[in-house]
Structures are given as C-alpha cells and as structure tokens.
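Participant: Count along the sequence shown starting at 1, add 12, and that's the number in our numbering.
Heads up, some of the hints might be wrong.
No more than 27 Å apart at the CA atoms, straight line, and that leaves these computed lysine-lysine pairs for BS3-like [what the hints assert, rightly or not]:
hint, residue 1, residue 2
1, Lys101, Lys78
2, Lys334, Lys377
3, Lys261, Lys242
4, Lys101, Lys74
5, Lys377, Lys363
6, Lys242, Lys334
It is worth saying that the hints were derived from the structure and are not from the lab. Being a predicted model, the structure only gives us computed values, none of them experimental.
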Amino acid sequence: METYATDETASSATTIWGPGTLSGKAIRSLGEASMRGAEKLLIRWKMAKIHQVLALDYYDAKVRHKALRMIMMQIGSGEIAQLTMCIMKWPRYEIRIFLSEMFTFMPLLWQDVSRPSDSSHTLRNQQELIAIYRTSQSSEEAHEIVPFLMFISHLSRDNHTARRAIIEAGFLEFLAAFHQHDPKTTTPSIAEARDILDVFVSDIRLQKICELHRLNLIWPSGNSSVPIMKYSREMANLTPNQRRVVWRKTERARIRERLCEIQVVMEMPAYLIHDCETDIFDMCFDLMTFYKLMTETNDWDSRQLSFELITKCIAINSITSKALRAVLALISFEENLSVFHRIVYSLLTFKIDNSNSPIAIQFSKEVHAHHPGVDPIDHFIDFAVSVASDSQTSAQAIIDADIFSLLNQTTHDPNVKGDLLGRFAAAADRSTQVCPPQSLGTYSD
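Can you make the complete structure from the sequences, with help from the hints?
Facilitator: Written as structure tokens, this is what we have:
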C-alpha cells in the first residue's frame, strides 16, 4: 500500500471507512484520539468555548419559551406560511422533537390542569402558551382546535418526511385524545382532521401505520351515530338473517376488522346511548354470529374476542344489555345455551373453586368498572332474568345452563332467590318443580 507521511499526519491511497460515515459524536471522539501537541490543545480550547455558548439543548429554557410564544401566536392567528416553510427544511428528527413538545401541552385546551406540584413551573409555562394561542385566534373561529389542525395540515402537504415526523411525534394519539373528549364535535374540526388523515392514508409508505391507529374510528367522517366503517354502514339496511348470510361468505380478514371496530366503539361511552341503539343491536348480532362462525371454523382467537365482547355488552350499561337481549331472543336454543353455560360455568368455578377463569375475571372487572359496589354474579343473574322474560327459548336454555347452581352463590336474600327461581320456571312455561338440567360436561374457558 502506497503511503504519504509527515511529522504529524499519515494518509493512504486506498479507500477506507472515514469520518464521513460517522455521527458527530463519533467524529469528535475520533478527532480527539488523533490530535497531538499544540494542535490538540487549540481544538480542545475551541470546543470548550462552543460548549459554553451552545449546551446540549442549544438554548436555555427562557429563550426556547419565548420562541414557542411567538410560534403559538402565529399558529393561533393562522399566519403560518413562513413558519411551515422553515420547519419543512429541518431533518425529520428535529421536526419530531418540536411537534412532540406541542402535542404534550396542546391537550390543555380540554384537560384538567391539576398536576403534581413539582411540575408547577412547567405547567404555568404551558398554560401561558395555550392562552397566547387562544387570544391570537379570530373571534369568528369555528373551533379553537382548528388553527392548530390547519398548521399540521400545511406541514403534511407534499412532504413525506414531515408526515412521518408528525405521526412519530404522536399526532394520531393527539387526535384520539381529542375525539375521546369531544366525540361529536361540529363539522369544521372534523373536516380539518379528515383532510389531514386523508393525506396520510394516501401516502403508501404510511398506510400500515395508519391502519394500526384505526383512523376511521379515531376520527369519524361526521356521521351522527356510531362511527363505523363504510362496509359496516353498507350492511346497516340488511335484516339479521341477511347479515348472517353475508358474514358467512365474507373473508376472515373482514370479520377480524369488524371485531376490532366493535372493540374500539365499545370503549367510547359517548356512543353507547339510546340514540345509537340500532347500531349497537347490529354489533351484538354480529358478535353472536362471529362466536358461532368462529367455533365452526376453529378460529379460536376471534372466537375468544367475540365472547369477551359479548360479556362486555352484559356489563357496560342497560343500552348494550338490552340490545344483546333482543339478539338472544332471535337466535337458536343451542346458541343461547352455549353462551349462558360458558358464563355460568366460569362464574361458578371462579366463585366456588377460586379458579383463575379469564372469562369470570374479565367480566367481574367490567361490572366493577361500570357498576361500583355491584356483585358480578348478581348482575349476571339480573340479566339472565330479563332475557328469560323476553323469550321462552332463551329461558329454557338458561335453565339448562344450570343457572340455579349459580343462583345459590348470589348475595340476594332467600325470598328474592325464591322469586327468581319462580320467574325462571314461569318464563320457560314449566311447573315450579323444574327438572334438573342435563349434564353438559366440562366446559373450558
């Protein structure tokens, strides 16, 4: 290898890995290791001077806060052309860091501001930024979130790097949090959010990320009832029997998508109300259909999720349980028996044997969350009585599922238990001397 040398340096004619492939920190380390004599001392002195002026955060908190005040003023007033032009020249990681800080304090628009005292100084600064943002807005602004969404929209246009940084900074989580706070927001904020989301979805390289965040559910298209996807809306006019036929012919991926959709909607209390009863009925009917269908096709994961959501319908509130009752009155004895026996068996083994039944544990957790102080078995018994009153077929299935054994485990007093026993028997159109249910064997969770 041909080389050239001086007293201080040496070089090679061959190509080797050099500082151009390293990070700044690595270059500095490499440089310090190679420096000698007066040259080394001079460079070290210069580096020390630079660090005095520009620390790791570049500027102190006061300077950064003043800059943020000016930025929030521009965003609030809508004068963002120069700001976005400047930001889009930054590297992706710098855009991400900048926006992640904004997504941290922008929820103060709607959040409770009570926080630990050790963060009071930070909180005061954040509240000041929110105040500046609000006072900079026009009095005719349709919704206070719109100027900020417009700012994000401008950043995302025609710039994949900025779009990726926006998502990585937590924009989708920010939208989800806002939607949880104000799920039926007026159209201006919805339209602005949808414009941004449409840009993200149209970016092929971001589609998978968008799918993971369930965009259609995070921010609906402004429909007045439950925020469901286009395919689900198209099925809304089908009769229950027609729905079942369609689902049997549908690919499994679509069914799993519908299951995820139902799971997300059931975490949104704002939609589990009287005005949405029709959509909730459709969800309950689909859950019962999927439970039966996944059992037949041995798709155990989807079957388990379907069943968990069925028990959640019982636990949440009277709207969801009423919808499920209506579905149970429509379906067969065998389907009723399968569902009730599984729940009864799980609750019995959980109560008597202290077993770690996943079904019983999850059901108890949901009941305690939505009905504090209510015993889960009492809650289920009350639901079973209501179902039995609606349908003779369901009543017979409930009795055959050994509901009487579970009745002995309730906290109801003996008179109430006797009344419930009579109501089950009467609902099934049987004499008060009800025959014991036939054995169904061991039913595993």
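Participant: Each hint: holds or not?
Facilitator: How the hints compare with the structure:
1. Lys101 - Lys78: Given that 27 Å is the threshold and the Cα spacing comes to 21 Å, the pair holds.
2. Lys334 - Lys377: Answer holds: Lys334 to Lys377 is near 20 Å, not above 27 Å.
3. Lys261 - Lys242: Within the cut-off at roughly 18 Å; holds.
4. Lys101 - Lys74: Distance of about 24 Å is within 27 Å: holds.
5. Lys377 - Lys363: Holds, at about 14 Å.
6. Lys242 - Lys334: Distance ~26 Å between Lys242 and Lys334 Cα, so the pair holds.
In terms of the numbered hints stated before, the structure departs from none.
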